[in-house]
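Protein chains: 2
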Amino acid sequence: MTIYEFINWILLQICIYFELFPLISSSLTKLYKGFNFKIYKKFKNARRGVIYTPHGNIQTPAFIFCATKASMKSTTIPDVIQNNTQIILSNTYHLFLKGYDTIKRLGGLHKALGFNKPMLTDSGGYQVFAMNFHSVSKDIKGAKNRTYKPTLIKVDEEGATFRSYYDRSIVKLTPEKSIQVQIDLGADFVVVFDECTSSTISKEATKKSMEMSHRWETRSLEYFHKHQKGNQSLYGIVQGGTYKDLRKISCDYVNSKPFFGIAVGGCLGESTQEMHETVNYVMDKLVKDRPVHLLGIGYLEDIFNGVEQGIDTFDCVHPSRIARHGIALIPKTRKNQLDLSKGKYKDDDTKIWNECQCSTCKTYKRSYIHMLIKSGEHMAYNLITNHNIYFMNKVMEDIRYGIEIDDLESVKSKYI
Amino acid sequence: MTIYEFINWILLQICIYFELFPLISSSLTKLYKGFNFKIYKKFKNARRGVIYTPHGNIQTPAFIFCATKASMKSTTIPDVIQNNTQIILSNTYHLFLKGYDTIKRLGGLHKALGFNKPMLTDSGGYQVFAMNFHSVSKDIKGAKNRTYKPTLIKVDEEGATFRSYYDRSIVKLTPEKSIQVQIDLGADFVVVFDECTSSTISKEATKKSMEMSHRWETRSLEYFHKHQKGNQSLYGIVQGGTYKDLRKISCDYVNSKPFFGIAVGGCLGESTQEMHETVNYVMDKLVKDRPVHLLGIGYLEDIFNGVEQGIDTFDCVHPSRIARHGIALIPKTRKNQLDLSKGKYKDDDTKIWNECQCSTCKTYKRSYIHMLIKSGEHMAYNLITNHNIYFMNKVMEDIRYGIEIDDLESVKSKYI
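Residue numbers (the working numbering), protein chains in the order written: chain C, 1 to 416; chain F, 1 to 416.
Treat the hints as calculated values from the structure; they're not laboratory data. Be aware that one or more of the hints could be misleading.
Okay, derived cross-link-like pairs now, BS3-like style, lysine-lysine, Cα gap no bigger than 25 Å in a straight line [what the hints assert, rightly or not]:
1. Lys177(F) <-> Lys346(C)
2. Lys98(F) <-> Lys104(C)
3. Lys111(C) <-> Lys346(F)
4. Lys374(F) <-> Lys172(C)
5. Lys362(C) <-> Lys344(F)
6. Lys344(C) <-> Lys98(F)
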């Protein structure tokens, strides 16, 4: 870095800190009080921004961790915060079935969880899809098949009717109901209710579903602005499967509606290449003044591609889920994984990742964590979860720095 | 409290803080460098003391929490420390079967766990017993029966031979081996290897076992002083079952040997009354200048009785084990328990215990924890474990205060 580049970087930090001279600002701040989105720096299509919320700012690009059922798995809220987490999400579908009344009565997710930073709730639309196809993500992301009893009864213009997986009671989620639940849950970001489609259905069916999703989104938007209490903002969702012409229609739809942010959802494609193509196409068509979230994506390869296309936030259960199988995230391995349950770590007295400053790596060694896994001690998963959370936050921090200094390639080559 | 009593109390605090004018001091400080035990105040037989160790001081009476396999279950070391824990213990038997080489290589338990406070390791003797009778504590404490495959092969003068419950390999634990393992694990307090007997065996068998335990204790003592590195101290164990004459012999034995501390072990009796009688008898016979530990006792009723007889420390898996079944400790209920899994807590938006200052009660409500239990979220058990740890430490703090102001009865009536 030359002295000129260094001064430039310092000036950028000052601009970000004092909120000066953004390249782009949200045009919807009157509609969403307490919220804003500003981009302070671009590197090609990648954006270094800040999302402002009533619960604090999110430096973007950022990763959103999953507290699906209003709880972080294998870790705690203080640990999540200590490891630099900016934002977490909970799930409307799961909480609607259990916990909604409790969270509502306790004054919302922030209070119930003791998490005083930005939160997002998704709408439950993805889970409606997941139930229909008996698999959470096979058709969207090519993940491993999982079998469980299908619970969806029907999807019609009004909404989705299904059985609760807790007590088999029949429940109905509509756009209005989903938004009402999300208003009561009180997250900073609320997401419209949509239908998520499989890659196995026809283009015609994808189109019909997308059109219904758009009508649901409009109903979500109307209900939201009629009933919200002035401290939340709404994200629309782009659908259209892997069909470019449909994605174009869906982009035009969300562009035309006053959503504070836009989430890229639905089936993105079977292969990594197909997924990247869909994301790239969509990002080209979206308006530039709103934060864009890529739903359910957590591999570093996909995150780097998303960032390069202008995606601002990502979420995925991946970092915390693999932790519960003994797998830590590190740079420069296959899928960035290190399986600490393997015998070769029995005598490995190094940290998970040598450079790591996470709460785990400050104290614990691979051999000790391996021993805990083999002894069936749950603390192993807590230690790895905390590490993985720190790791993802560190990757995003490095990505932000990469955009700031016009060098994303070095960051990418550090990790992948 | 009168002004005179208050001044007295302040003077006592000053004495404790500056280590002035103890009533009793350990006579074994030359043998155990870096260790001491001082009693600053007595109320009847109850003792308000301090145990000094190379890893800090323990204000007594104190409770020792179980990190059996070198890990706290359902919580973390930082959480344990945050909730005022003074000392934890690990188990030689479990670590001998898995983890010993790792912990040894990492420089001992303190370093491996990142716990820089006093620690104790027990000798494995209790587990030898537990395996023999196919139950961990049925015969000693009348706890619920648990069945698992017996693994003990034989107990002879040399030691105990058994199969590892991990891989069915044959392993042998002798007094010398147990002490060597404990030296390598590096806890501040090491416990002699003994044989623990059932209440179902004859007096003759109890006597024979006790006599062998004494020979094992002597071998433990000799091996310890020959091989220890000068930063650990040794506890002897009183055996003799429920037979007063045998307990007398065993008390005479431990009194006569230079153990830094004395643990009361073996079968104490089936009923609470019988247990209290055994403890009371033993405490009457023991020398007064050493810290006395009551092994495996965790009910408040028994702790109060123990304290009244002069016991200085207690340990039990109880507070953390019941937490993993959704049960929180609170004052003034049956066995001090509150079962948060019960439906009646669904709409209970109060803290677990209204006065509580623990990391859980600062933020979380009964209804939220109940919801997490019903959703299968592990965080529930973390929150309850942390509360139970704080609760036990708070009880012990109040007990210390009760001794200081000559009023244990008020403390007892606050909790029981």
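Structure-based check of each hint:
no. : hint                    : verdict
1   : Lys177(F) <-> Lys346(C) : 23 Å, holds
2   : Lys98(F) <-> Lys104(C)  : 46 Å, violated
3   : Lys111(C) <-> Lys346(F) : 17 Å, holds
4   : Lys374(F) <-> Lys172(C) : 21 Å, holds
5   : Lys362(C) <-> Lys344(F) : 42 Å, violated
6   : Lys344(C) <-> Lys98(F)  : 16 Å, holds
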